[in-house]
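**Student:** Listed in order, the protein sequences are those of chains A, B, C and D. If you're matching positions, the first sequence starts at 1 in the working numbering and goes up one per residue. If you're matching positions, the second sequence starts at 1 in the working numbering and goes up one per residue. If you're matching positions, the third sequence starts at 1 in the working numbering and goes up one per residue. If you're matching positions, the fourth sequence starts at 1 in the working numbering and goes up one per residue.
Since the hints were made in silico from the structure, they are not lab data.
Under the rule of at most 27 Å between Cα atoms (straight-line distance), these lysine-lysine pairs were calculated in the DSSO-like manner: (1) A:Lys31 - C:Lys31; (2) A:Lys444 - A:Lys326; (3) B:Lys110 - D:Lys61; (4) B:Lys307 - B:Lys440; (5) A:Lys31 - D:Lys31; (6) D:Lys31 - B:Lys31; (7) A:Lys462 - A:Lys323; (8) C:Lys31 - A:Lys367; (9) A:Lys326 - A:Lys417; (10) B:Lys455 - B:Lys444; (11) B:Lys415 - B:Lys440; (12) B:Lys367 - B:Lys307; (13) A:Lys444 - A:Lys335; (14) B:Lys452 - B:Lys462; (15) A:Lys335 - A:Lys367; (16) D:Lys31 - B:Lys367; (17) B:Lys415 - B:Lys444; (18) C:Lys31 - B:Lys31; (19) A:Lys455 - A:Lys326; (20) B:Lys415 - B:Lys326; (21) C:Lys61 - A:Lys110; (22) D:Lys31 - C:Lys31.
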Amino acid sequence: MTAAVYLMYLIGAIAFILGLRGLSSPQTARKGNLTAAFGMGLAIIASLAFPLEGSFGNFGWIIGSLIIGALIGWFSAARVEMTEMPQLVSVFNGLGGGSAMILALVEYLKITSNGKMDGMEAVIILFTLLVGGISFSGSILAYLKLDGKVKDKHVVLPGHQYINILLFVASIASLWYAWCCPSSTAIIIATLVSLVYGFSFVAPIGGADMPVVISLLNSVTGISAATAGFLYDNQIMILGGILVGASGTILTVLMCNAMNRSILNVIMGGFSATGVAAAAGATGDQDQTVQSVQAVDVAILLNYASKVIMVPGYGMAVAQAQKQAKELDEILSEKDVEVLYGIHPVAGRMPGHMNVLLAEVDISYDKLLDLDDTNGNINDTDIVLVVGANDVVNPSALDDPSSSIYGMPVLEVWKAKQVVVFKRSMKPGYAGIQNPLFFKENTKMLFGDAAKSLKGIITEIKSLS
Amino acid sequence: MTAAVYLMYLIGAIAFILGLRGLSSPQTARKGNLTAAFGMGLAIIASLAFPLEGSFGNFGWIIGSLIIGALIGWFSAARVEMTEMPQLVSVFNGLGGGSAMILALVEYLKITSNGKMDGMEAVIILFTLLVGGISFSGSILAYLKLDGKVKDKHVVLPGHQYINILLFVASIASLWYAWCCPSSTAIIIATLVSLVYGFSFVAPIGGADMPVVISLLNSVTGISAATAGFLYDNQIMILGGILVGASGTILTVLMCNAMNRSILNVIMGGFSATGVAAAAGATGDQDQTVQSVQAVDVAILLNYASKVIMVPGYGMAVAQAQKQAKELDEILSEKDVEVLYGIHPVAGRMPGHMNVLLAEVDISYDKLLDLDDTNGNINDTDIVLVVGANDVVNPSALDDPSSSIYGMPVLEVWKAKQVVVFKRSMKPGYAGIQNPLFFKENTKMLFGDAAKSLKGIITEIKSLS
Amino acid sequence: MEYILQFIQNNILSIYLVVFAIFLGFELISKVPSVLHTPLMSGANAISGIVLVGSILFLRKANPEDYFSLSLGAIAMIMAMINIVGGFAVTNRMLAMFKKKK
Amino acid sequence: MEYILQFIQNNILSIYLVVFAIFLGFELISKVPSVLHTPLMSGANAISGIVLVGSILFLRKANPEDYFSLSLGAIAMIMAMINIVGGFAVTNRMLAMFKKKK
Ligand SMILES: NC(=O)c1ccc[n+]([C@@H]2O[C@H](COP(=O)([O-])OP(=O)(O)OC[C@H]3O[C@@H](n4cnc5c(N)ncnc54)[C@H](OP(=O)(O)O)[C@@H]3O)[C@@H](O)[C@H]2O)c1
Ligand SMILES: NC(=O)c1ccc[n+]([C@@H]2O[C@H](COP(=O)([O-])OP(=O)(O)OC[C@H]3O[C@@H](n4cnc5c(N)ncnc54)[C@H](OP(=O)(O)O)[C@@H]3O)[C@@H](O)[C@H]2O)c1
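Please build the complete structure, drawing on both the sequences and the hints.
**Tutor:** Okay, structure coming up:
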């Protein structure tokens with residue numbers, strides 16, 4: 001029996017590995033995800049069947065919790081809008097971390113009430129408590145920020161970095177206390193301090209950096225799962241946790257690289273602070289003029305173009321304009337206009353966000369250009385349609401050392417013959433800074449919701465021909 | 001102390017992993033190899049320092065053996081010609097397998113003399129003995145075949161496949177006997193049968209397939225090291241063995257794919273048999289004529305060319321003509337002739353063989369085209385110089401379903417304007433089949449040793465200008 | 001120090017496991033193309049719910065009278081289960097969109 | 001069957017290790033470009049000499065009077081050591097040629 005359970009865990013672990021391998025190609029990704037889910041199912045069954053000394057069963061509680069959790073998870077996943085994906089991932093991540101935290105808490109209480117505990121075991125429990133707690137409260141705040149329920153300025157205190165250092169020291173101290181002199185009071189204090197620290201850790205980080213933070217917290221949750229695995233001497237927990245930790249770490253690094261910022265810079269929230277200042281300056285700066293156009297003008301331009309690149313950004317997700325983009329693409333392709341898409345690695349609010357949107361409406365992979373390919377193609381492009389993107393097409397990143405995004409590689413759309421920018425207002429994007437692109441000679445602004453503007457253009461083109 | 005030794009092993013294992021990672025790029029490959037060697041050094045030191053119950057020391061024997069082995073290894077590595085690399089790797093591989101085999105043998109004798117052994121332990125020992133023995137005798141025969149000391153026909157018996165099946169059954173039976181009724185006689189018989197089986201396994205496989213066999217035996221040696229690791233409960237042995245096993249397996253599969261043959265087909269030696277028949281036919285087939293030219297003719301052709309592709313093969317390694325190739329390349333490049341190299345994945349006698357040769361004389365990576373790139377470049381090429389290649393430029397692979405290499409992708413050199421083939425005779429290449437390329441209208445043959453022919457061309461070109 | 005050395009000695013296999021898993025994780029993830037980063041994030045997130053295994057084992061051992069432990073354990077389980085089911089389901093939804101097109 | 005189940009139970013960690021190492025090996029090796037296949041082959045070959053560790057441990061435990069075991073153990077060691085030193089040295093020689101050019 002024991003051997004059978006061990007084998008189930010082992011197969012589950014292999015399924016995790018194969019699942020992640022599957023995720024490395026779009027063709028096999030879906031199967032990969034299901035493989036990983038299958039591995040998880042095996043791990044759950046194995047845990048229910050595990051021959052446990054001193055087990056009281058409690059299967060009523062267990063099955064009940066499983067069902068409740070599954071139902072809640074299933075319905076939230078089925079109901080969520082694609083634009084709210086970052087928020088959902090963030091909440092789920094917090095729940096995983098919270099679960100690890102509670103587990104560490106109850107294990108601590110159980111072990112201390114049974115007598116003394118082994119030193120290393122206590123270290124593992126307390127570490128799990130700390131990282132789980134940080135992940136829980138941090139993710140919840142990240143969710144609130146992403147959802148716009150909490151604004152940066154509501155939670156940032158003056159000298160916040162020093163407060164964070166203090167809180168960090170305080171959590172280590174409270175953990176140490178819970179280690180040396182075990183008591184329920186000690187552990188409850190330690191839990192609270194960890195939670196406050198997680199919250200305060202995320203507080204000064206700018207809303208624009210939330211995806212990075214979520215990915216970081218994701219890796220933290222993974223680590224807490226892995227350390228909990230040590231507690232139960234359970235290999236699939238260790239493996240699963242580490243895989244998540246690796247994934248979170250790599251994604252964090254990739255995102256930071258794509259924004260040309262260090263992880264420390266993100267955590268210190270330096271970006272947000274300067275961003276706010278710059279934004280204030282930007283809105284005051286109204287003496288430059290922009291050329292505003294109507295849908296019909298853009299339709300005429302497109303009618304004479306032979307190569308068009310569309311650059312989607314967060315605004316496309318907000319307006320859900322991908323269907324209209326696809327429709328325009330089809331109409332233009334019929335007229336032998338070449339339509340391509342320039343995808344910036346951090347366009348939108350999650351890595352690969354734009355790819356998901358465009359995949360939703362069946363736009364072929366071959367039309368998607370990455371950063372370098374887009375810039376290589378830009379010179380002989382007649383029109384670039386910037387649909388709800390802003391920071392990722394900001395020339396300041398290249399030529400203004402005082403800009404907070406200076407150094408981030410961007411799509412150099414201004415090198416095309418014409419640029420049309422779709423947005424609703426002159427408001428800045430997530431980085432909160434002004435975009436000189438809008439004032440360039442070859443840039444036209446088409447104000448309004450992106451989906452509506454695209455629809456307008458489509459109608460005009462149809463009436464032209 | 002124990003912990004320190006454990007850590008040393010662990011660091012050694014990490015060094016192996018990092019070393020192999022380093023090997024994945026030419027820039028880091030050398031460092032990778034040294035990292036792996038460092039890991040091995042740590043593993044040796046850890047084994048010497050390991051706190052062992054019931055150790056008698058015997059450090060004289062140990063250090064002596066280490067020194068003797070190191071000296072022999074070092075000098076054979078330093079002395080070997082680059083062309084003899086396959087032979088050397090094959091011998092080294094056999095030694096590794098042989099070492100595992102002897103170890104299994106002595107452990108068996110020791111344990112049986114001390115009383116009964118645990119069933120699973122015996123299985124591990126006997127398995128190590130089997131694979132180690134196969135690897136040892138198989139590699140030695142592969143070495144002899146590669147070196148031309150043994151010809152295929154000397155060792156192939158009629159109905160060899162049935163003999164091999166019988167021998168396999170015999171070795172399993174003898175192992176089973178050594179398992180159920182331990183005795184020195186039993187184990188010595190089992191060892192001998194394993195050795196004979198390994199020898200007989202390699203015997204029917206054609207000389208041309210030796211690289212595949214070596215790679216396969218390499219993976220077998222790895223497996224024997226890994227199982228021996230189970231015996232000593234030693235993780236670095238398990239890891240090292242498995243890494244080698246994986247590497248050998250992948251290389252075997254890649255080579256088979258590049259030749260468009262299944263591994264079973266290679267092992268059954270089907271290739272060699274048809275090869276021999278075809279070769280006999282080929283030498284008799286003298287009614288077609290070839291156009292034989294002199295160095296001066298080729299020099300004139302080259303003088304008017306603007307794009308030249310050189311296709312090196314095993315003959316370049318034999319003639320050590322890479323220096324002359326480089327010299328010709330430099331002279332032509334000065335005259336603004338574009339010189340590229342078409343590298344077939346199985347040209348030569350080892351995977352990557354040509355790359356090693358050309359690297360030896362500092363030819364830049366950018367000039368090396370792989371199979372697809374070469375074929376893409378061939379149409380506007382003025383002259384292809386086939387320097388000692390044969391099978392890899394054989395059009396039968398594409399258009400003659402009866403050919404033994406039918407289906408293998410080849411370099412389609414005959415699509416170039418002119419082809420010059422450098423070889424010493426009309427003898428076939430390693431696959432032993434005739435090459436219709438030699439009889440094409442746009443093919444010229446330059447007979448003689450490749451290095452001498454190239455030197456002749458260089459002299460002529462210099463005198464022309 | 002004493003603790004740590006002792007721990008290393010007793011858990012050397014688990015330490016190997018951790019090291020191998022870390023390398024394996026990095027090799028696997030670094031192959032994922034940026035197109036798939038969002039699904040990767042949510043898929044990995046679902047896997048982090050593996051902590052559920054711990055809460056099942058805890059609950060099975062908990063004293064059936066001790067409602068405090070039972071409730072906390074059940075909460076931990078529910079949280080992890082939401083993470084798992086929700087994570088895999090949402091990833092599947094995202095990837096379904098990719099698949100349609102092929 | 002009994003044996004095997006017992007073995008699995010007692011060696012589950014080592015089995016995990018093997019499984020992870022296999023995956024890791026395949027991920028690592030499949031990244032090596034064909035240019036480097038010959039050095040990979042000889043480098044991997046050198047690593048297979050790790051069986052030396054076994055022969056060292058064997059020799060250290062062998063009875064100093066038992067010349068039969070000592071000689072066989074020494075032969076095993078010498079063979080493995082040739083494999084190691086020769087393998088790494090020859091790989092280094094090959095790779096040195098690659099490096100020169102950069
Ligand atoms: N993708 C990631 O993984 C990731 C991670 C971390 C940070 N970020 C950050 O997120 C930002 C992404 O850049 P981005 O260019 O995609 O977006 P952005 O800079 O945030 O700009 C989005 C633009 O879309 C416009 N917009 C919003 N709703 C719209 C609608 N319904 N119709 C038309 N336009 C609409 C907005 O202007 P109006 O309000 O005037 O309409 C805004 O200027 C970068 O700063 C990046 O660093 C991304
Ligand atoms: N690379 C690998 O990993 C690998 C693995 C397994 C099998 N193989 C097999 O090996 C073969 C490789 O093909 P290949 O085209 O490179 O070689 P090949 O077909 O063996 O032909 C080599 C040619 O070089 C000529 N040659 C030998 N010495 C020469 C010298 N000193 N000067 C001039 N020419 C000389 C020979 O003709 P003369 O005798 O008339 O001079 C011979 O025709 C394939 O059949 C492949 O399947 C390779």
